[in-house]
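Listed below, chain by chain, are the residues.
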Amino acid sequence: MPFILKLPEIAESVVEGEILKWLKKEGEYVKKNEPIVEIETQKVTVEIPSPYEGILYKILEKEGNIVEVGKPIAILTEEGEKVEEKIELTSPPKLVEIKEKEEKIEAQEIEIKVKDKVLASPSARKLARDYGIDLSKFSFEKKVIRKKDVLTIIEKIEKEKRTKEEKKEVEVIPLKGIRREIAFRLRESKAKAVHTLHVDEADLTELVKLREKMKSLAQDQGVKLTFLPFVIKASVYTLKRYPYVNATFDDEKNEIILHRSYNIGIAVATDEGLVVPVIKKADQKSLIEIAKEISMLSDKAKKRELTLENVQGGTFSITNIGSIGGLFSFPVINYPQVAILGFHSIKKRPVINERGEIAVRDMVYLSLSFDHRVLDGAIAALFMKDLINYLEKPELLFLESI
Amino acid sequence: MVKKNIAEAIRNALDIMLSEDERVLVFGEDVGKKGGVFTVTEGLQEKYGEQRVFDTPLDENGILGMAKGLALYGLRPVAEIQFVDFIWPGFDVIMSDISKERFRSGGQFSCPLVIRAPYGGGVRGGLYHSQSPEAIFAHIPGLKIVIPSNPYDAKGLLISAIEDEDPIIFLEPKKIYFAFREEIPEEKYFVPIGKAKILKEGKDITLISYGYMIHECKKAIEELEKEGISCELVDLRTITPFDGETILNSVAKTGKVIIVVEAPKINSFASELSAFISERAIYYIDAPILRVTGWDTPFPYILEHLYLPSYKRIILKAKKILEV
Amino acid sequence: MEIKPFGSEPFRVIDEEGKPLFDLNLKEYGINTEILLKMYKDIVLTREIDKLGWILVRQGKAYFYISIGGHETAHVASLYALEKEDYVMPYYRTVPSLHVRGVKVEEIFSQILGKYTDPLKGRQMPGHFGKKELNIFVPGSPVGLGHNVAMGVAMGIKYKNHKRVIISYGGEGSTSQPHFHSAMNFASVFKLPLIIFIIDNHYAISVPRTKQTASETIAIKAKAYCMEGYLVDGNDAIATYIVTKKCVNEVRENSKPILIEAYTYRYDPHSSADDDRKYRKKEEIQEWKKKDGLLRLKKYLEYLSLWDEEKDLMLKKEIEEKLNNILEEVEKKHLPIYKDMFYEVYVNTPWYLEEEYMELKREMEG
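Residue numbers (the numbering used here), protein chains in the order written: chain A, 1 to 402; chain B, 403 to 726; chain C, 727 to 1092.
Certain hints may be false.
Unchecked claim - Heads up, incomplete: computed chain B residues facing chain A, CB under 7 Å, no partners named:
1. 527
2. 530
3. 647
4. 654
5. 655
Said to hold, decoys possible - Capping the alpha-carbon separation at 20 Å, the derived lysine to aspartate or glutamate pairs in DMTMM-like fashion look like this:
6. B:602 <-> B:647
7. C:884 <-> B:423
8. C:917 <-> B:461
9. A:137 <-> A:116
10. C:884 <-> B:452
Claimed, not checked - A few chain B positions that, by computed beta-carbon distances, are all more than 12 Å from chain A:
11. 592
12. 632
13. 698
14. 702
In case anyone wonders, no lab produced these hints; they're calculated from the structure. Just so you know, these numbers come straight off a predicted model, no measurement behind them. Glycine included, C-beta positions come from ideal geometry on N, C-alpha and C.
All chains, please: the whole structure from these sequences, using the hints.
As structure tokens, this is what we get:
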């Protein structure tokens, strides 16, 4: 077996050395402990005595090389020994296996004999303290309670609270915000106005066709065209003929105020409740303008961004509840206005036409809720008749448009 | 039973050991005719002769070198350092030689000796007659450090120390050398080294202390009891090797702990105990581990009453710990 | 021939060529040919042990070596002056000579290599050795401490009325330490049977003797303590033996301390971690090697026709073989077990050390 000479750790904290001079040539015989190479390190310069007696077969690091401690620097062989081509230079260091004998020391960690204590991490204790949880009242599988265990308890407690709430027969919700406003206004309306209802139906087959055509045109301008702008437009034209419907009632002065501007309130449902923003001067606006304003106002309403300006000054209101369904409803007048129009769902229904045939038409119920103190029943019926006429023959809307 | 103060109790222990063990030698500066600056060795030279009880040159290094050599030669030296503040010229002997003898010789030699030294403040001793360097010695493997707080323990611990096979630094709380007398047995008895003592049981807070500070703790406990707060008081008695078991069980029981020492806070032995408790008993405790210590300044002279931890400082910390 | 303290020149009895300077009556000092030959062989053995110490560190088998090279004669000859019941406080350079007191060579090599056969259990660097049953204390590395502790041992000897002596070795650098003063002062005040034996080898690592002290000699320092101080040629085995013997006898009889300064020289670097070419010239070493103690004793033996070159070659070969065989065996020994690190810190291992040991055990067993 060839002997691999490695650079020894010559002095404390030395990690490398320079091969200064080989004191033996390759092929030369080296006695045990005879100096073989001179090494210079940061601390000392020394001659290395050979730990092996034999021939210096090969020098692996020539003079001037800087070599790490532990790296092979030469191969030595016995005299006449054959050396294989490949020599494993980096044999793993021999570990001296030391078996510990039977131990006299068998240390156990100090045992804490206190048994009735809750074991918990400081952060768990703090959380429990802050939340008012007495950890000793809970049972845990683990030996030590940690923060996440306390979080689990808190979650459990919260859940229990919620289920308890849900199981209650009634839920008391204090009246506040918009809901309180609505309640006040509706009570005022019902208390003061003499609510009367007039219901009729309209054949919207033509309007449905028309809207279908106009929808895509509006879409090009980025506007969603619903039936409501048509109903507004038709209402405005009808109102012009019946000034007492576009009116408000002054309770204190006992005066009826007829309005020359046509400010149409539209009921918009929000999470907080119904709000009625107003499209001002609807008579001076085109269908598309009205459509744009509707979507702007309902957006604002849903975001609760309506200003006082947006909801004041209405002269007539329309409530469109058709999208949900039902035949018709009895809307509450937006007091001090004197009338409100309910526009319901458009459904295909069989009707007897002028020719006495049964035809399938797009039908809608319309309900007009009005203050009987201001309007007589006949006026209301006539108003509805004219309105229906506009809706059934939408071309009229264009005839009368400015 | 006889009534003795700490100084008398220590003298009593030396007397007993000198009389029964020829190997015991007592020496240091002014311990002979004068009987020590705190009278601890008074009368001993007269009784046992200059061979057994003797004065040395004013050189702590020589005193400790002599103690080490005597111990190597099979004797039981009890060396007095007049004030522990003056031990440093001989620190090399303690650090490099005494503490390591058993280990470095492969167990061939041992170093059974006692270094007695008054320590601690409260006597207007200024920077160099007041310090509490127990933590410095506690950092050296191979030493044992013992600090009594009362006459009974002082006698029993010193007798145990003289008979112990290891080198012992025996620190005597000078403020209470003469402060009070207690009934103690006249004959020889042992207080075990390495065992703490629960001086008072309680349930709300554990106070751990030693030496003179035990008495400030007692005062604080009295006051706190008036407010319905119950404290457990652990007198550590041995700094190295300290009684981990007693500490952990007390702390686990109360869940709160204050460690009271008069040394500066940083790296004090209170710091070691705090770390030990947090490693072993953190899940048992429900409040921060607090240390009441001297300030991190050199020991002051005229303002020492503001430096030393008082029962008031302990009460404030106790209330703080109960807030959580 | 009168041996007097405080000489200005080192006391010597044979010159560099091994010729006696006086008409020596060696019997007067209990020296016979047997002792002379034995002493010579012990000096040779010491030098050979030392050589192997260097080889072990240069071959990477030991981590450190600190040498006795150059002061073998001073050590061996002074140790010869002691009786069996006397005590030795060695310093690190003394160790290779301790076979004189009965230390086995196996133990010296075991200590250098940190094997379990080392009485110190591999706990100290090479050069720190002691053996209780041979009255040899264990030194540490801090210089001078041994003198201070030896003073305490001397106090114990005196207290027990034992007719014994303790000799404490140290380099001239150790006389700069407070321990030297404490030992001299206490020993002289208490009249203790202590010999402080200073191996004045001219260097404390790189600092020359002239920068260590302004005193003309080390020995003269004794004067201030009302002690005797002897300056002897440490490379003169006979002179060193005679002076030490005289002092040992006086100390034993009269219980008093004496300081001896053995004037000699360190051939090797301070330790394996030192490069002495930075602070001294090769020529200086060569000059001193001419005065080599071993060589001088050999020449003296030849002068007495007790020795010749042939015998010398035989002796060296014999020693070399013997040492190589011992070393080979020692190299095979295993290291201390890791438990050895945790016990003997205290008489009983405290709970926390037991726990720490178990911690390491778990770490080792993975």
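Here's how the hints hold up against the structure:
Below 7 Å, beta-carbon pairs count as interface contacts, and residue 527 of chain B has none with chain A, the closest being about 38 Å; its hint is therefore violated. For residue 530 of chain B, the suggested interface contact is broken, since its CB lies about 38 Å from the closest CB of chain A, more than 7 Å. Contact between residue 647 of chain B and chain A, as hinted, is supported at the beta carbon level, the nearest pair being about 5 Å apart and thus within 7 Å. Of the supplied interface hints, the one on residue 654 of chain B holds, with its beta-carbon coming within about 4 Å of a beta-carbon of chain A, less than 7 Å.
Interface restraint check for residue 655 of chain B: the shortest CB-CB distance to chain A comes to about 5 Å, inside 7 Å, so the restraint holds. Of the pairs offered as hints, the one joining residue 602 of chain B and residue 647 of chain B holds, with about 17 Å between alpha carbons and a cut-off of 20 Å not exceeded. At roughly 17 Å between alpha-carbon atoms, residue 884 of chain C and residue 423 of chain B fall within 20 Å of each other, so this suggested pair holds. For the given pair, residue 917 of chain C sits about 17 Å from residue 461 of chain B by alpha-carbon distance, which is consistent with the 20 Å threshold.
In summary, the hint linking residue 137 of chain A to residue 116 of chain A is supported, as the alpha carbons are separated by about 12 Å, within the 20 Å threshold. Restraint check for residue 884 of chain C and residue 452 of chain B: satisfied, since their Cα atoms lie roughly 13 Å apart, inside the 20 Å limit. Listed as outside the interface, residue 592 of chain B is consistent with that label: its C-beta sits roughly 23 Å from the nearest C-beta of chain A, beyond the 12 Å cut-off. Once the 12 Å rule is applied to beta carbons, residue 632 of chain B is consistent with being away from chain A; the minimum gap is 16 Å.
Distance to chain A confirms residue 698 of chain B as a non-interface residue, since its nearest Cβ pair spans about 26 Å, more than 12 Å. With a closest Cβ-Cβ approach of about 35 Å to chain A, residue 702 of chain B is found to remain outside the 12 Å limit, as its non-interface label requires.
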